[in-house]
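**Q** Here the protein sequences come in this chain order: A and B. If you're matching positions, the first sequence starts at 1 in the working numbering and goes up one per residue. If you're matching positions, the second sequence starts at 1 in the working numbering and goes up one per residue.
Check the hints yourself; a few may be wrong.
The list treats identical chains as interchangeable, and a pair is accepted whether it falls inside one copy or across any two copies.
[As the list claims (entries may be wrong)] Cut-off 35 Å, straight-line C-alpha distance, at most; resulting in silico cross-link-like pairs (DSBU-like, lysine-lysine):
hint	residue 1	residue 2
1	Lys225	Lys541
2	Lys357	Lys123
3	Lys346	Lys100
4	Lys145	Lys225
5	Lys2	Lys505
6	Lys507	Lys28
7	Lys532	Lys269
8	Lys435	Lys2
9	Lys269	Lys86
10	Lys435	Lys204
11	Lys97	Lys206
12	Lys222	Lys266
13	Lys507	Lys123
14	Lys253	Lys435
15	Lys505	Lys177
16	Lys90	Lys435
17	Lys90	Lys144
18	Lys388	Lys435
19	Lys435	Lys266
20	Lys28	Lys357
21	Lys435	Lys89
22	Lys222	Lys507
23	Lys435	Lys144
24	Lys2	Lys204
It is worth saying that the hints were derived from the structure and are not from the lab.
Number of protein chains: 2
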Amino acid sequence: MKKILIVGGVAGGATTAARLRRLDENAKIVMFERGEYISFANCGLPYYIGGVIPERDSLLVQTVEGMSDRFNMDIRNFSEVISIDKEGKKVTVKDVKTGKTYEESYDVLVLSPGANPIKPPIKGLEEATNVFTLRNIPDTDSIKKYVDENKPQESVVIGGGFIGIEMAENLVHKGVKVTLVEMADQVMAPFDSEMASILHTHLKDKGVNLILSDGVSHFENKGAKVVLNSGTEINTDLTILSIGVKPENELAKSANLALGERGHIKVDKNMMTSDPNIYAIGDAVETVDYIFGSPAAVPLAWPANRQGRIVADRICGIDSKYSGTLGTSVAKVFDLTAASTGHNEKALQRMGINNYKKIHIHPGSHAGYYPGAFPISLKLIFEVPSGKILGAQGIGYDGVEKRIDVLATAIKGNLSVRDITDLELSYAPPYSSAKDPVNMAGYVASNILDGLVDVIYYNEIDELISNGGVLIDVRDAMEIELGAIDGHINIPLNELRDRIDEIPKDKDIYVTCQVGLRGYIASRILAQHGIKSKNLDGGYKTYSQVYG
Amino acid sequence: MKKILIVGGVAGGATTAARLRRLDENAKIVMFERGEYISFANCGLPYYIGGVIPERDSLLVQTVEGMSDRFNMDIRNFSEVISIDKEGKKVTVKDVKTGKTYEESYDVLVLSPGANPIKPPIKGLEEATNVFTLRNIPDTDSIKKYVDENKPQESVVIGGGFIGIEMAENLVHKGVKVTLVEMADQVMAPFDSEMASILHTHLKDKGVNLILSDGVSHFENKGAKVVLNSGTEINTDLTILSIGVKPENELAKSANLALGERGHIKVDKNMMTSDPNIYAIGDAVETVDYIFGSPAAVPLAWPANRQGRIVADRICGIDSKYSGTLGTSVAKVFDLTAASTGHNEKALQRMGINNYKKIHIHPGSHAGYYPGAFPISLKLIFEVPSGKILGAQGIGYDGVEKRIDVLATAIKGNLSVRDITDLELSYAPPYSSAKDPVNMAGYVASNILDGLVDVIYYNEIDELISNGGVLIDVRDAMEIELGAIDGHINIPLNELRDRIDEIPKDKDIYVTCQVGLRGYIASRILAQHGIKSKNLDGGYKTYSQVYG
Ligand SMILES: Cc1cc2nc3c(=O)[nH]c(=O)nc-3n(C[C@H](O)[C@H](O)[C@H](O)COP(=O)(O)OP(=O)(O)OC[C@H]3O[C@@H](n4cnc5c(N)ncnc54)[C@H](O)[C@@H]3O)c2cc1C
Ligand SMILES: Cc1cc2nc3c(=O)[nH]c(=O)nc-3n(C[C@H](O)[C@H](O)[C@H](O)COP(=O)(O)OP(=O)(O)OC[C@H]3O[C@@H](n4cnc5c(N)ncnc54)[C@H](O)[C@@H]3O)c2cc1C
Ligand SMILES: CC(C)(COP(=O)(O)OP(=O)(O)OC[C@H]1O[C@@H](n2cnc3c(N)ncnc32)[C@H](O)[C@@H]1OP(=O)(O)O)[C@@H](O)C(=O)NCCC(=O)NCCS
Ligand SMILES: CC(C)(COP(=O)(O)OP(=O)(O)OC[C@H]1O[C@@H](n2cnc3c(N)ncnc32)[C@H](O)[C@@H]1OP(=O)(O)O)[C@@H](O)C(=O)NCCC(=O)NCCS
Chain A
1 MKKILIVGGV AGGATTAARL RRLDENAKIV MFERGEYISF ANCGLPYYIG GVIPERDSLL
61 VQTVEGMSDR FNMDIRNFSE VISIDKEGKK VTVKDVKTGK TYEESYDVLV LSPGANPIKP
121 PIKGLEEATN VFTLRNIPDT DSIKKYVDEN KPQESVVIGG GFIGIEMAEN LVHKGVKVTL
181 VEMADQVMAP FDSEMASILH THLKDKGVNL ILSDGVSHFE NKGAKVVLNS GTEINTDLTI
241 LSIGVKPENE LAKSANLALG ERGHIKVDKN MMTSDPNIYA IGDAVETVDY IFGSPAAVPL
301 AWPANRQGRI VADRICGIDS KYSGTLGTSV AKVFDLTAAS TGHNEKALQR MGINNYKKIH
361 IHPGSHAGYY PGAFPISLKL IFEVPSGKIL GAQGIGYDGV EKRIDVLATA IKGNLSVRDI
421 TDLELSYAPP YSSAKDPVNM AGYVASNILD GLVDVIYYNE IDELISNGGV LIDVRDAMEI
481 ELGAIDGHIN IPLNELRDRI DEIPKDKDIY VTCQVGLRGY IASRILAQHG IKSKNLDGGY
541 KTYSQVYG
Chain B
1 MKKILIVGGV AGGATTAARL RRLDENAKIV MFERGEYISF ANCGLPYYIG GVIPERDSLL
61 VQTVEGMSDR FNMDIRNFSE VISIDKEGKK VTVKDVKTGK TYEESYDVLV LSPGANPIKP
121 PIKGLEEATN VFTLRNIPDT DSIKKYVDEN KPQESVVIGG GFIGIEMAEN LVHKGVKVTL
181 VEMADQVMAP FDSEMASILH THLKDKGVNL ILSDGVSHFE NKGAKVVLNS GTEINTDLTI
241 LSIGVKPENE LAKSANLALG ERGHIKVDKN MMTSDPNIYA IGDAVETVDY IFGSPAAVPL
301 AWPANRQGRI VADRICGIDS KYSGTLGTSV AKVFDLTAAS TGHNEKALQR MGINNYKKIH
361 IHPGSHAGYY PGAFPISLKL IFEVPSGKIL GAQGIGYDGV EKRIDVLATA IKGNLSVRDI
421 TDLELSYAPP YSSAKDPVNM AGYVASNILD GLVDVIYYNE IDELISNGGV LIDVRDAMEI
481 ELGAIDGHIN IPLNELRDRI DEIPKDKDIY VTCQVGLRGY IASRILAQHG IKSKNLDGGY
541 KTYSQVYG
């Protein structure tokens, strides 16, 4: 009879335990959880605080009792594993309530300790009585209680990652005014800055006071005042600190398990640590990037759940392997959905990867003539010349995560941008168009690969114009009145063939329109009249999402 | 300068023309359309009749003038191509308004004539003044006018395909009572009967008088009475005949182009007909099935659009190929979404294919604790032992077409049911679960392939019980009160280990629960206590969707 100890009883740990029992009715399974609760819905916590999820109970996906009963396992909450004896194959456990410790031996040890909110040593933080982080049920209870009892008017959310933004949304939903402070020049790191711009506009529209490129210097007055690096002072009744998480690696570290550069527990494709009797999964580990095979640590629920099942399989002799993380994610940002998969440009640049191109398109979520269609801003990044998909980002009101999921699937299926033109996706007017946005992204990208059109980007055009380039905006005059790029010449697309002589022969020519489609057609017309031009990728829409 | 004639100016034809012009500014392009309108939104017609799409203009994606201007092409509406001279490479065109004919020569001819609603020679149909078919704008105008002027109270829709169902929905939306008559024992042919059951229940809930397994015998009283084969008589103010479409093949036939068994124009992967100067696309053609390579004709907009672009490429020397049709489709059925891809069981049976298994699951559209989650009824069919995905069907209120699109993409990426456990799909509570329904389908299917569980199906259990098998329902007593399969024994899952002695050793044992999950766990427990059992796939939910 194998004895398996699991450290951590939530996403990764509980999944491992459940699968283990299904595979092996006889294994002795002991699951340790430091806190009171196991198997809770971490991802629902902000929505319970905001009242969107009304029942606290619904956050408890499983209880100690329920899970013990169903899976016949020994679940010990309020039990912290405080050290590992690798050679002796045993751990020391502290009963959190009594402080007493005891040892427990194992055949296999599984670590799923998760990640902790980062709490830097900011001056005044210790003394502050209104600053919270959010990870678990007790955190949630504290914040909820604080909100209900103190009825805060003003709040500050520090950190514009998905938890910060979800908290901002839920506080606004509760009627609390929110200032969101983010150190970087954009929120939501999975997105490139021009995509994040769309979110910035929306956050402001929703009444969030958005402060970018600024960080917290210190707290004053027991937290009632937040002072930023810039000197800006903000009065606040409630502050949420959500600047990221760091792996809970103390156990692993003290047991001398190999750690990655950023402190995550290193594991191989079997989720095995540097010790063959110890596996690790979830937020605490470093696996590999699915696309490049480089080290990757993505603290999200899908990997934790997936890895939990894989570890259980391996322990029971089934040859499952973790193929690496794509980093697919989605967040609700008030009325918008922001989803992404694979790499963004910032990441590629950091890795020194330059053999890629990107496109921005704005197709409707479904057929324009059927009510309720909204444009999706979709960015696709692909390797040249192979056309391999490196990443995708989508933001919009509807149908966004569908397209990102399709693209994530395409990446796992090894499909290139050419191949996605061939994806036969479901179409009826309420759901899509006869050429789905994903197909369209494939077409637009393939046209670049095939040399049918050359493009320039939103952040290049102003300089190109000031250097003497000529920008032809092929939209109709009425559209241009609503906004256009300074210095353009207007020749509506349908007049282009007749007015081709107006185009200077000795200048660099650029074309643009609303989203890029008509610019592309214009560029094709010009090319075949012997005029080389480049189309502004994403058109005025992408340009104005950033500068508008 | 190449001269290209295109027959048919809507989905396939107009797409070909547009891409042709983008590729070749100098080609002479002539597009013939028999009707007044080109490039209209066929798929939106039912919704315009229902008033869901308020503006008639929005159905006209392009106009003759608009498209001629933009693409510098010769578009001739009211112009029917009535014969092809393959050897002379010319066609005869009839001006529909004047009846005059003329010839037009070509280098390349593209046929995209579409498909016509089937109008069988039913007695009384000719005389009927209130029976309509729906294909184009004039049909739409007629129906709309009839509805607005005659304010019908009662209507009959003949044929439960997607157009029939869309018309039923839109007539109900208009306040018209609908009787839907379908010859088969189910609506919506892409679905297997147990899935269609869900639609039947919903249609009835929405007030549709659903008559299955019955067809129209004849019309009486100028159409005011519909008499069915069974003898049933229905009074009707308005009848929509939507029993399917047949390819418009007269031109191709008279030109001796090779036709398929069901009369479609045969084409190869290049969309080339048996004549190398003639291409054909869209509803009129027979291509190949993506999965099996057998002949396939699927009259939907995606193939027409895709093929149009491919033909333009080929004409311009770009080596694009059509890889075959999966038949991915989606329809809104009142509040439900019904989507599918690949093959259903009926089709596999027809093809004599038996080396497959299937599963039915009912995962939530998103995390259950976040408001607005609804179960998706998802059926996945896969080859054994390879695990290759053969088809999928989904029905539910939300998130259905997303999962079908992901599965359609998985098929094109050659991913097996094992591989889809590894799809890293986007997760946040409003959008999915940490194990997406597609992952879950992969898990459930893999467990069968791996021999972890054996299953029986909703349509087998009654007989197995009456033959002496024992069905253990492992739900809680409270759930069972709401409905259960006759003859079951109730042992709640959490008591199973303790009550294992109650299970007869000499009988065939079956287990069930609400959706299959707890039955699976029970089956695993039993197996490891030496008791072989089979789990009822889809649980009581699938069973009751059919028999409930
Ligand atoms: C507010 C919030 C919202 C989120 N939203 C999303 C989302 O929308 N989508 C998404 O994909 N992900 C989301 N996540 C992330 C997701 O919850 C995590 O990726 C996932 O829970 C990680 O699983 P895990 O098992 O690694 O860690 P956890 O689920 O955190 O579980 C680790 C457990 O181990 C316990 N533990 C640690 N050390 C010890 C020890 N030494 N002894 C005993 N017990 C120990 C901890 O107390 C903890 O309960 C969110 C997280 C938070 C906090
Ligand atoms: C009411 C309705 C709803 C639909 N909904 C959906 C949906 O939701 N999803 C989906 O995928 N598909 C849907 N479709 C199907 C989709 O519209 C067709 O698959 C698609 O239009 C086929 O394109 P095509 O070019 O082959 O034919 P068509 O678009 O029908 O175009 C063919 C044109 O050729 C013309 N023509 C024919 N013969 C000649 C000739 N000899 N000379 C000159 N002109 C000729 C015809 O007048 C016709 O206008 C729907 C169809 C209808 C009618
Ligand atoms: C609750 C929890 C313990 C459940 O773990 P689990 O049992 O592995 O997961 P599920 O309840 O989703 O069930 C999945 C299993 O049921 C099977 N299953 C699901 N539906 C089924 C059906 N209709 N028929 C048969 N089997 C089914 C799956 O195959 C899978 O079994 P397998 O792993 O042996 O293949 C774990 O997911 C958890 O703790 N979740 C909360 C924490 C968390 O994930 N937080 C982050 C997100 S908020
Ligand atoms: C209107 C119609 C003529 C348009 O054909 P089309 O020009 O090929 O299609 P679209 O307008 O969608 O544009 C697609 C083209 O624009 C390009 N494009 C789209 N968005 C772009 C962007 N943002 N930037 C650059 N190029 C873009 C695509 O690459 C594609 O060009 P390509 O084929 O040369 O690669 C044709 O689709 C039609 O008749 N539709 C109505 C009929 C119909 O389809 N009915 C059935 C469904 S209701």
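**Q** Next, verify each hint and record whether it holds.
**A** These are the hints, each one checked on the structure:
no., hint, in the structure
1, Lys225 <-> Lys541, "neither (39 Å within a copy, 56 Å between copies)"
2, Lys357 <-> Lys123, "neither (44 Å within a copy, 63 Å between copies)"
3, Lys346 <-> Lys100, "neither (48 Å within a copy, 64 Å between copies)"
4, Lys145 <-> Lys225, "within (21 Å within a copy, 68 Å between copies)"
5, Lys2 <-> Lys505, "between (79 Å within a copy, 28 Å between copies)"
6, Lys507 <-> Lys28, "between (77 Å within a copy, 31 Å between copies)"
7, Lys532 <-> Lys269, "between (49 Å within a copy, 34 Å between copies)"
8, Lys435 <-> Lys2, "between (54 Å within a copy, 27 Å between copies)"
9, Lys269 <-> Lys86, "within (21 Å within a copy, 61 Å between copies)"
10, Lys435 <-> Lys204, "both (33 Å within a copy, 33 Å between copies)"
11, Lys97 <-> Lys206, "neither (44 Å within a copy, 57 Å between copies)"
12, Lys222 <-> Lys266, "neither (39 Å within a copy, 79 Å between copies)"
13, Lys507 <-> Lys123, "neither (58 Å within a copy, 72 Å between copies)"
14, Lys253 <-> Lys435, "between (52 Å within a copy, 30 Å between copies)"
15, Lys505 <-> Lys177, "neither (56 Å within a copy, 66 Å between copies)"
16, Lys90 <-> Lys435, "between (59 Å within a copy, 32 Å between copies)"
17, Lys90 <-> Lys144, "neither (39 Å within a copy, 78 Å between copies)"
18, Lys388 <-> Lys435, "both (21 Å within a copy, 26 Å between copies)"
19, Lys435 <-> Lys266, "between (43 Å within a copy, 24 Å between copies)"
20, Lys28 <-> Lys357, "between (53 Å within a copy, 34 Å between copies)"
21, Lys435 <-> Lys89, "between (58 Å within a copy, 32 Å between copies)"
22, Lys222 <-> Lys507, "neither (63 Å within a copy, 71 Å between copies)"
23, Lys435 <-> Lys144, "between (46 Å within a copy, 28 Å between copies)"
24, Lys2 <-> Lys204, "neither (56 Å within a copy, 55 Å between copies)"
Checked against the numbered hints above, the structure violates hints 1, 2, 3, 11, 12, 13, 15, 17, 22, 24; every other hint is satisfied.
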